[in-house]
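**Student:** Each chain, letter by letter, is given below.
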Amino acid sequence: MKKMFALMLALAMMLACTAAFAEDDVITLKVAHIGPTTGAAALYGQATRNGAELAAQEINEMGGKYRIEMINEDDEHNVEKAINAYNAALDAGAQMIVGNTTSKPCEAVGAQAMIDRVFMITPSASSEAAIGMDGNGDDSVDNVFQVCFTDPNQGAASAQYIAGHALGKKIAIIYNNADVYSTGIRDTFVKEAAALDLEIVSETTFTDETTDFTVQVADAQNNGAEIVFLPMYYTPASMILQTAAAKEYKPVFFGVDGMDGILDVEGFDTSLAEGVMLLTPFVATGTDEKTVNFVTKYQAAYGVKPIQFAADAYDAVYILVAAAEKAGITAEMTEKGDEGTAEICEALIAAMTEIQVEGLTGTMTWEASGRVTKTPLAATIVNGEYVFEN
Amino acid sequence: MTKAKRKRLILNLVTFALVIAAYIILQSMIAGKSISRSLRGQLVPICAWIVMAVSLNLVIGFSGELSLGHAGFMSVGAYTGAVVSGWLLHAQNMQDTTLRLVLALAAGGVMAGVAGVLIGIPVLRLRGDYLAIVTLAFGEIIRSLVNVLYIGTAEGRLHLSFLNKEMPEGVQMLVDGAKGAVKIKPIATFTAGFVLILITLVVVLNLVNSRAGRAIQATRDNRIAAESMGVPVTKYKMMAFVTAAVLAGMAGALYGLNSSTVVPTQFTFNQSINVLVFVVLGGLGNVLGSVISATFLTVLPEMLREFSDYRMLVYAVVLILVMIFTNNPTIRAFADRLFAPLKQLFRGKKQAGGDAK
Chain A
1 MKKMFALMLA
11 LAMMLACTAA
21 FAEDDVITLK
31 VAHIGPTTGA
41 AALYGQATRN
51 GAELAAQEIN
61 EMGGKYRIEM
71 INEDDEHNVE
81 KAINAYNAAL
91 DAGAQMIVGN
101 TTSKPCEAVG
111 AQAMIDRVFM
121 ITPSASSEAA
131 IGMDGNGDDS
141 VDNVFQVCFT
151 DPNQGAASAQ
161 YIAGHALGKK
171 IAIIYNNADV
181 YSTGIRDTFV
191 KEAAALDLEI
201 VSETTFTDET
211 TDFTVQVADA
221 QNNGAEIVFL
231 PMYYTPASMI
241 LQTAAAKEYK
251 PVFFGVDGMD
261 GILDVEGFDT
271 SLAEGVMLLT
281 PFVATGTDEK
291 TVNFVTKYQA
301 AYGVKPIQFA
311 ADAYDAVYIL
321 VAAAEKAGIT
331 AEMTEKGDEG
341 TAEICEALIA
351 AMTEIQVEGL
361 TGTMTWEASG
371 RVTKTPLAAT
381 IVNGEYVFEN
Chain B
1001 MTKAKRKRLI
1011 LNLVTFALVI
1021 AAYIILQSMI
1031 AGKSISRSLR
1041 GQLVPICAWI
1051 VMAVSLNLVI
1061 GFSGELSLGH
1071 AGFMSVGAYT
1081 GAVVSGWLLH
1091 AQNMQDTTLR
1101 LVLALAAGGV
1111 MAGVAGVLIG
1121 IPVLRLRGDY
1131 LAIVTLAFGE
1141 IIRSLVNVLY
1151 IGTAEGRLHL
1161 SFLNKEMPEG
1171 VQMLVDGAKG
1181 AVKIKPIATF
1191 TAGFVLILIT
1201 LVVVLNLVNS
1211 RAGRAIQATR
1221 DNRIAAESMG
1231 VPVTKYKMMA
1241 FVTAAVLAGM
1251 AGALYGLNSS
1261 TVVPTQFTFN
1271 QSINVLVFVV
1281 LGGLGNVLGS
1291 VISATFLTVL
1301 PEMLREFSDY
1311 RMLVYAVVLI
1321 LVMIFTNNPT
1331 IRAFADRLFA
1341 PLKQLFRGKK
1351 QAGGDAK
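So the sequence lines, in the order shown, correspond to chains A and B.
Heads up, the final residue of the first sequence is numbered 390 in the numbering used here, and it's a clean run with no missing numbers.
Heads up, the final residue of the second sequence is numbered 1357 in the numbering used here, and it's a clean run with no missing numbers.
Hints in this document: simulated from the structure, not taken from any laboratory.
Each hint can be trusted.
If we take Cβ atoms under 8 Å as the criterion, some of the chain A residues that face chain B in the derived model are:
no.	residue
1	T37
2	N72
3	D74
4	N78
5	E80
6	I83
7	N84
8	N87
9	A88
10	A129
Glycine residues also receive a C-beta, built at the ideal position from the N, C-alpha and C atoms.
Hey, can you work out the whole structure from these sequences and the hints?
**Tutor:** Dropping the structure here:
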């Protein structure tokens, strides 16, 4: 009986094999993920690696026209290592890149990939320079596309969200004038707010060393701001919330993606963050089918809750497949080495501006510069959890 | 020719021969397209790190002062190189990459040299570990300064500002605060790196084997004895320190011009220690050792990529093993025996040459 069973199993396997061989139009894309999986920024790199791997698994299980073979290289969030990682990935046969996770390495690798003609989609490098924009409207890199918003873009998106949802008209801004991220977002926010007829009643600054925000909060309060816009990381934001609570000042606090993590600040009373809104493309507590599926699978595979970076990378792989389908990448292209990689790059660049992808982080389309267009989503903190407002 | 002199000459010749041979082999590999992309991408950084290690060895190994801010000089060189190259391209429209590279390297060296003089004058007059402390601080100060430094070029002029970005319209940013040096056109080549290594070796080996070099080593071995013989200690220590700073600045310019961007965080205290590890592993006062260990320790982490996340763990273990093995008397004796016939051969030849004379 056992023998019989074994024989049948073997037969079944052979059948399965021949069936697989029959599908000769399956094309395998070699995709390299490059990000800091060790070092100080490892949290982000591991998240993007996991997210990309999960997406690749799903795509391979679904069994469409394209299969994904992931290659993973570590860049340690270091420019020199990033170039090494990129070269190692190409040596391993990578045809396109999901990466780099962080801005500076992405900028360095993007410039090199531009010369080599290798297509890149970065899940989370948010600086403008990562896609080759230099602030003067010059776009020197055409082969790098983003999944996340650029830093300055978040300012415009925040203003649009506030105006679109009629959260209030009188706005106060507190920002860090010694930080590129903070000033970049503030500049575009002010520009967009003027266009949208929002009134900025108070504008105050601080630096990395500031630990007392009484002046800034008082200025916002005295000018009767209904909304306080906080383009900054979560540490100063937590101090501002404490100061406001002490003054019994209760406007709507509106933050950007740097605010993500405020609930985990040590010694911070999370009840103070109740009602705080922040611009973020993804929250793990989302209830739509896609998010639930992703979060469940991610937790089962890696034992932790996915962060925004993981969702971005997950989307990046699906975007690659969508672009490959649109571009009609052929098996022949994938077998021609460097020349084929360059052909794939050109085809994908052309396809990127024509596709629309519905991902975890929203419905996305792209400009030729590599910048993504998607509806900004804002989460509100309710009972110590991020919740999407609909 | 005395025995010590001959031995030194052979060692120096071997150093040059090895570097030149490595260059020829690698160049022919590039020409034959038989080189991996990964190795090819590392060639220029390896050249820069070799120059860094050899120049630091001049300070630590030969003049006996501990410098913990060598990456600071590299950073000065890298930023200067990026600014000079960018300015020449955008403002002067100089398209000749070789000339631009040479000028950028020279400027990087000069700026780092100036920084070296400024630090050296007060500190090298003191006795004790002050140089270590001050160079450590220097590295950190430079890093903080470039974090708030904005340099742009518009209409042929350079615009410089600290803290806030007051730049005219249509400016081409060269250094953009915390974003570092941006939009660098990578112009560094392996050949340039090779030439820089040769220059470094010629300068360092000649300095060390000259009258001044003997004075430098005398101040290291016994300061009081050297002073009593009339050797001006500060002068010779300055000579070694500033030479090392200039070379490090040139290495920095080469390194910076190899990539499209340079950030302040690349030149931290850790990077200085990294160079120190190259020097210590190669042997204090051993130039060839510095060359080999800088190459080996730059390539090693890349060769360990297959260990993925455990790479740096393996790296540390390899480092410890190398330290143990190169200092184990039994193994050294074994290596000596192994190379004895080769040495005999050299000695025989040299003696024959000497007799003919």
